[in-house]
Amino acid sequence: MTAVSVLPKLFRWVFTVFAVLAAIGALAICVAMVIDPKLPAGTHFGPLTVDMMGQPGTVVLRAAGGDSDFTVTALRGSLTLFVEKAGGLIEVVKHYGLPVMLIYSLFLVILFDLLRRLFRNVGRGESFSRQSVYLVQGLGASLIVYSLVSAFAESWFVHAAYTYLAQHAVVTVSGTSLRLPAPHGISMPHGTGGSPVFFSGLLVLALSEVFRQGLALKNENDLTV
Amino acid sequence: MPIKLNLDRVMLERQISLTELADQVGITLANMSILKTSKAKAIRFSTLEALCRVLQCQPGELLEFVPSGDGEG
Chain A
1 MTAVSVLPKL FRWVFTVFAV LAAIGALAIC VAMVIDPKLP AGTHFGPLTV
51 DMMGQPGTVV LRAAGGDSDF TVTALRGSLT LFVEKAGGLI EVVKHYGLPV
101 MLIYSLFLVI LFDLLRRLFR NVGRGESFSR QSVYLVQGLG ASLIVYSLVS
151 AFAESWFVHA AYTYLAQHAV VTVSGTSLRL PAPHGISMPH GTGGSPVFFS
201 GLLVLALSEV FRQGLALKNE NDLTV
Chain B
1 MPIKLNLDRV MLERQISLTE LADQVGITLA NMSILKTSKA KAIRFSTLEA
51 LCRVLQCQPG ELLEFVPSGD GEG
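Residue numbers (the numbering used here), protein chains in the order written: chain A, 1 to 225; chain B, 1 to 73.
The following block holds chain A by itself, in its conformation from the complex (with noise of 0.2 Å):
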């Protein structure tokens, strides 16, 4: 057996800690969703000063009635977003944002066990066994189910934001107010992360059947006396 570096082990022990910060991750999620904590009538806070694209905005919570407006400014004050009853902004987030980041998390805890469970075989000098083959299939077509259920999640996420901000929400550009427009009928924007996984999916399938070639020629070199 040939001596095998430190990277698949510094690898192994990096996936380790990720596949586990990303399960607290998870974990934190369902916490949330089962506590499902509300933001307290006449929350406030700000003005804030943020920078938005080089230029100084703000950014206010007001307590109004049993809810509270959500203010930002940019542009020096000629663009403004305002958000009436923004808790049931947070609402949606947390009723539709948070199921999309549990399938984020899962996916990535997934993902880091099956790199650290590679990277282990590496490290043993086992890159081509029956065990790796699998893993590395199990990685592309996690990638690719991944892939369509995040591309899936993400478009639920952001019809439900945008129905609710087309009814509470009022831009103004240069003193000039604005409704988005109602949800039916428009194209809803997307997440564009949906794509790369995909094909990144599809390469590392294709990987997959290197290592099964690799596996075979190492068969075939095992039984060589």
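Do not rely on the hints blindly, as some may be mistaken.
[To be verified] Simulated crosslink set (EDC-like; lysine to aspartate or glutamate; CA at most 20 Å straight-line):
1) B/K4 / A/E220
2) B/K39 / A/D222
3) B/K36 / B/D8
FYI, nobody ran anything at the bench for these hints, they're computed from the structure.
The hints should help you fit chain B onto chain A, whose structure is shown.
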């Protein structure tokens, strides 16, 4: 595999054990077992040479072509 390795027969004639043969040929007992049980897919000339030297025989005594009956022979 139509090529058969008659290691068993030659070992019996020479009164040599598998462990002894592996030691003298310079390959592991696991690899010698692969050869003996005809699981090997190929044999190196260097291994064949060592086997012939230790067993004092010709390659033809160790290797035998057995037609498999599917038209290959």
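Determine which of the earlier numbered hints do not hold for this structure and return their numbers in increasing order. none
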